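**Q** Going down the list, the sequences are from chains U, F, S and V.
For this note's numbering, count along the first sequence from 1 and bump the result up by 20.
For this note's numbering, count along the second sequence from 1 and bump the result up by 20.
For this note's numbering, count along the third sequence from 1 and bump the result up by 20.
For this note's numbering, count along the fourth sequence from 1 and bump the result up by 20.
Please keep in mind that the hints were generated in silico from the structure rather than gathered at the bench.
The structure presented is a predicted model; accordingly, all values stated were derived computationally and were not measured.
Do not rely on the hints blindly, as some may be mistaken.
Pairs count within a copy or across copies, as identical chains cannot be separated in the list.
[To be verified] Computed list of lysine to any residue pairs in SDA-like fashion (alpha-carbon distance at most 20 Å, straight line):
1. Lys60 <-> Glu351
2. Lys220 <-> Arg43
3. Lys204 <-> Ser50
4. Lys220 <-> Gln42
5. Lys220 <-> Gln233
6. Lys220 <-> Ala135
7. Lys60 <-> Arg76
4 protein chains.
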Amino acid sequence: MINIGIIGATGYTGLELVRLVQRHPAGQISFLSSRSQAGKLLSQVHPAGPPLPLIRPEDAPLDAVDVVFLCLPHAASIPAAVQALDAGARVIDLSADFRLRDPAVYAQWYGQAHAAPELLAEAVYGLTEYARDELPAARLVANPGCYPTTNLLALGPVLQAGAAAGTIIADAKSGVSGAGRTPKQHTHFVEVADNFSPYKIGRAHRHVPEIEQGLRRWQPDPPALIFAPHLLPVPRGILATIYVPLRPGWDEERLRAVYEQRYQDEPFVQVLPAGEVATLAHVNHTNRCVIGLTVTAGTLILTAALDNLVKGAAGQAVQNMNVMFGRPETEGLL
Amino acid sequence: MINIGIIGATGYTGLELVRLVQRHPAGQISFLSSRSQAGKLLSQVHPAGPPLPLIRPEDAPLDAVDVVFLCLPHAASIPAAVQALDAGARVIDLSADFRLRDPAVYAQWYGQAHAAPELLAEAVYGLTEYARDELPAARLVANPGCYPTTNLLALGPVLQAGAAAGTIIADAKSGVSGAGRTPKQHTHFVEVADNFSPYKIGRAHRHVPEIEQGLRRWQPDPPALIFAPHLLPVPRGILATIYVPLRPGWDEERLRAVYEQRYQDEPFVQVLPAGEVATLAHVNHTNRCVIGLTVTAGTLILTAALDNLVKGAAGQAVQNMNVMFGRPETEGLL
Amino acid sequence: MINIGIIGATGYTGLELVRLVQRHPAGQISFLSSRSQAGKLLSQVHPAGPPLPLIRPEDAPLDAVDVVFLCLPHAASIPAAVQALDAGARVIDLSADFRLRDPAVYAQWYGQAHAAPELLAEAVYGLTEYARDELPAARLVANPGCYPTTNLLALGPVLQAGAAAGTIIADAKSGVSGAGRTPKQHTHFVEVADNFSPYKIGRAHRHVPEIEQGLRRWQPDPPALIFAPHLLPVPRGILATIYVPLRPGWDEERLRAVYEQRYQDEPFVQVLPAGEVATLAHVNHTNRCVIGLTVTAGTLILTAALDNLVKGAAGQAVQNMNVMFGRPETEGLL
Amino acid sequence: MINIGIIGATGYTGLELVRLVQRHPAGQISFLSSRSQAGKLLSQVHPAGPPLPLIRPEDAPLDAVDVVFLCLPHAASIPAAVQALDAGARVIDLSADFRLRDPAVYAQWYGQAHAAPELLAEAVYGLTEYARDELPAARLVANPGCYPTTNLLALGPVLQAGAAAGTIIADAKSGVSGAGRTPKQHTHFVEVADNFSPYKIGRAHRHVPEIEQGLRRWQPDPPALIFAPHLLPVPRGILATIYVPLRPGWDEERLRAVYEQRYQDEPFVQVLPAGEVATLAHVNHTNRCVIGLTVTAGTLILTAALDNLVKGAAGQAVQNMNVMFGRPETEGLL
């Protein structure tokens with residue numbers, strides 16, 4: 021059994037993680053912590069949650085667990101990760117704190133110096149499908165963001181193939197759980213329902229440097245990226261429609277072969293047949309990412325979808341845990 | 021022209037009122053005020069709002085307007101009403117502050133003594149269809165709550181006819197704008213979407229004494245009331261399904277005749293034909309209240325619907341203004 | 021392993037059942053059939069479905085399975101059940117065809133004579149929590165309707181206790197999947213979204229005789245039932261708010277003790293603590309039914325919720341299968 | 021007064037048009053027709069509709085009206101237009117039948133030869149803001165499609181300025197009313213709610229040739245167009261996010277000046293201030309189109325929104341009628 025602690029268990033990601041871990045045949049919850057809700061049961065915070073006690077973070081028995089999942093806001097994860105590692109636990113961090121390898125980039129986008137830059141070199145960027153070799157030995161895994169997971173899974177093969185010719189445009193749409201559980205004006209039901217809103221379009225969203233860092237793994241000098249996120253009136257799910265100008269010689273058939281070869285053995289990434297497009301209905305409440313391909317006017321149009329709380333967060337975190345601990349990668353996730 | 025000031029113009033009710041008044045051929049907006057948003061344009065607070073300036077409440081030229089609409093939380097309306105009346109304006113208060121005639125009942129349900137109890141006797145309870153005689157001379161109108169408007173319009177005829185025999189059960193369902201614009205956990209999109217929740221069921225909701233006060237106008241000792249509100253995953257609209265046990269001798273045909281006679285000349289209340297039920301689609305974005313009647317097993321089942329922001333708030337307020345100022349009652353509302 | 025065939029696999033209930041059975045450790049899908057979609061994969065009909073082939077009903081190897089689930093419209097289930105039973109399979113029918121024990125009542129409500137009335141006496145009404153003794157030997161199980169499951173689980177204890185004093189009013193609200201997958205005007209997105217509609221209120225819905233038959237198990241001459249269903253703008257979930265006038269001597273505490281005793285060992289029925297009400301968020305995507313109790317003005321107000329596709333259909337069907345085949349009752353359902 | 025006939029009054033566009041015309045001070049409805057619903061009142065088809073009679077198309081008094089609005093499926097409009105013109109009425113056609121000037125292009129995209137090609141040269145393409153000079157004398161107006169209106173209003177200034185440098189990508193999202201009122205599988209509430217789906221992406225949608233025809237008015241050989249529509253889980257509203265690579269020398273400030281100059285006197289087109297983006301909340305239930313501009317990485321990102329049933333259909337039709345008949349352009353539309 022893998023003994024598991026979850027810090028920050030009452031957000032949407034934390035709740036999803038608790039449910040996944042409860043179903044996991046080899047996972048055992050040692051503790052759930054919450055600064056604001058300590059003393060309650062999780063079921064008192066979420067009608068859908070199990071009746072497990074929430075303890076204070078400072079009471080968490082870090083030395084009694086094999087792995088700690090951090091479901092905290094950025095910046096808050098850093099000291100929690102240090103503490104858990106010091107106590108001998110392995111750490112899977114679902115915040116942005118260990119995703120960017122360059123502390124200067126972190127400081128630029130997150131508005132403060134990184135408090136533990138020495139850990140950045142060690143942290144494994146846990147895009148599971150591209151990190152399997154590094155995960156078994158990892159002490160600290162940075163679980164990718166929801167938009168980066170979508171975009172990187174969709175863009176990996178075309179970049180690795182060297183087929184992209186110019187500016188990549190990623191027009192992405194996300195459900196509201198991606199904005200977190202703390203109530204804000206823009207997540208009020210009346211503001212979101214019947215509405216649809218772009219936000220931070222261009223290069224203003226914090227996931228831009230994370231996506232670009234990923235693209236550089238495949239191509240040292242990748243094309244420029246324009247990223248336009250939009251808020252969808254749905255609780256969960258991300259769909260990105262991505263436009264990639266192609267180098268001469270690349271058509272849909274050749275690209276499809278590249279994608280199918282890359283992902284044919286992947287349990288959680290599915291390349292759709294010709295003529296089909298990704299939708300949220302393909303992926304919600306699953307750990308799947310589905311990808312559709314269409315080529316028009318010299319441009320590859322990718323449609324890629326995943327559930328932001330599952331493959332975009334808690335599900336991929338469990339997938340990473342499975343690989344880290346030598347379990348079957350799909351365990352608890354089908 | 022009627023010169024109009026609106027205090028508290030940035031909530032959902034305030035915004036709806038601004039839009040109605042802007043369309044009103046005889047209405048002219050003199051000022052909009054907002055404590056929290058003063059200095060901005062209304063269009064900067066609401067994408068759907070017009071680009072009108074929001075001033076501080078203390079800068080409002082109360083003596084330059086004919087009528088002031090108060091769209092404030094309860095308790096806050098009392099001093100604002102006193103001030104506007106002192107300045108010579110007539111007042112239409114959309115809060116609960118002047119609806120209950122008995123200051124002791126107000127204190128019990130709103131947790132504090134009423135700060136201007138001398139005004140309670142003067143205030144006209146503005147359920148327009150039942151208040152037409154009092155409105156032309158009124159200085160201060162208490163605009164009814166959204167649930168009370170729905171329930172009282174539906175129950176008036178059966179109570180006036182003396183046909184009700186026992187406990188009345190009002191199972192009511194409201195859209196989220198009824199909960200106000202301030203973001204709270206229970207109005208977060210993710211908590212509301214795909215969900216449906218009873219709240220304050222039984223006799224716990226503050227609209228219970230308001231409804232009962234209304235019922236007593238028609239029957240000094242009315243049947244007991246059970247009131248069960250529910251939160252619907254829609255932005256606007258109220259539908260109440262109301263169960264009234266009937267005295268012997270009352271069947272659907274006889275009751276229908278009573279309802280049709282009472283409401284046949286009402287421009288904003290419509291009794292549906294036999295076999296039809298009220299729905300939100302009948303009423304949203306209109307000042308209408310529709311009422312369906314069915315009798316089964318000795319029980320009258322009323323279905324009544326209205327738009328909580330229009331007939332349940334801002335629309336009825338304009339309807340009251342029309343009557344107060346001698347305008348055609350439907351002006352600006354069709 | 022239990023070899024399983026599903027007839028009518030492409031409706032919402034069929035799809036939910038396929039997903040549950042796929043996760044079931046002891047379940048093995050032998051075939052899925054569909055008259056209209058035979059030749060396709062289920063994933064071609066539903067993006068969320070697995071890529072399993074759909075065969076024609078007449079090609080279904082009925083003699084090779086242990087149990088056949090029928091997810092067909094009423095009337096269509098009767099010949100399919102006869103055929104499967106003749107082939108030696110056990111049958112769990114999710115339609116209404118074997119729920120009513122009296123063929124005259126069936127004929128009255130479903131507009132035609134029952135084509136296999138001799139099976140009605142044999143069929144077990146599979147409200148699992150009240151049918152455990154009969155299920156292990158059952159050849160034919162009539163899986164209860166979604167509204168009846170909600171109402172009967174909520175009303176069982178108060179009726180068994182003899183505490184109900186008069187007309188029971190069940191104001192029920194259901195998500196749209198309860199109306200089936202065939203597109204109709206009233207299930208068009210634009211008609212349902214932002215709307216809320218009563219339908220067949222009073223005693224007009226086909227679930228009335230089914231609920232009443234259930235009530236008579238507990239009280240030979242039960243109180244009259246008024247049943248008012250409403251269509252909620254959500255994909256799934258039922259919430260019923262049920263009003264039961266109480267005999268003298270019954271208060272909330274005493275009733276709560278009755279409910280807690282009855283359901284304390286039930287894995288899928290949960291009585292909520294005092295002051296809490298059932299919501300769809302408690303139950304969606306689970307096999308749970310949650311029940312809240314409040315007593316006001318001599319009336320018990322029950323709030324009861326379940327997922328119409330799971331505990332109200334496919335989940336209860338699997339629960340019944342588990343009991344029929346001697347498996348742990350919760351297997352595959354947690 | 022303008023005497024008005026509406027043919028095909030029961031679809032979503034027809035209903036919206038009826039409501040707009042009813043509010044129009046100079047409009048008078050002479051008849052509403054419907055092939056499938058003749059004999060009913062419109063209120064029996066739509067709870068939100070007025071109780072006006074629906075007659076058979078063949079009974080429509082075409083010679084008694086000044087203008088006929090055609091709200092019919094494509095192909096069906098052609099004979100209806102011929103008949104109305106022959107009877108002496110002016111015609112505003114809301115279908116696609118008279119939008120494409122080239123009958124060969126019509127035949128290619130709509131699968132049949134055009135039945136009245138001689139009218140194509142005469143028909144005025146009624147994008148009001150760009151057609152004002154032609155409308156007063158027009159007998160036949162082709163009301164633009166919803167996607168084309170959005171894209172053309174957004175793209176007009178940048179194309180007229182000659183600032184576009186390469187392939188234009190229009191990622192568009194539409195509410196479900198755009199798919200019409202006839203129930204289909206893909207408009208079933210359960211298929212749409214919580215979902216988001218691309219469809220006909222690339223160059224497969226029939227609005228592609230219509231948009232391109234419009235672009236050629238401003239630039240004889242415009243850049244290639246990639247058009248990717250998506251279905252949003254909302255009843256109404258279109259938002260297009262459009263990416264235009266810029267020629268050297270064009271930055272946001274310079275483009276903003278171009279847009280502001282072009283649209284500053286337009287009552288229904290609003291260029292948003294720097295830093296703001298278009299949303300559905302800006303436009304729903306209004307005749308407005310709002311446009312936001314952002315320049316990033318040499319690319320202009322336009323966000324443009326309108327209500328597909330109002331500015332994208334019935335509202336623009338009334339706007340066109342106003343200009344055709346010499347009325348104030350905003351009459352009945354504010």
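**Q** If a hint holds in the structure, say so; if it does not, say that too.
**A** Hints, verified against the model:
no. : hint              : in the structure
1   : Lys60 <-> Glu351  : neither (30 Å within a copy, 29 Å between copies)
2   : Lys220 <-> Arg43  : neither (37 Å within a copy, 34 Å between copies)
3   : Lys204 <-> Ser50  : neither (32 Å within a copy, 31 Å between copies)
4   : Lys220 <-> Gln42  : neither (36 Å within a copy, 33 Å between copies)
5   : Lys220 <-> Gln233 : within (19 Å within a copy, 32 Å between copies)
6   : Lys220 <-> Ala135 : neither (26 Å within a copy, 47 Å between copies)
7   : Lys60 <-> Arg76   : within (10 Å within a copy, 42 Å between copies)
Hints 1, 2, 3, 4 and 6 from the earlier list are contradicted by this structure; the remaining hints agree with it.
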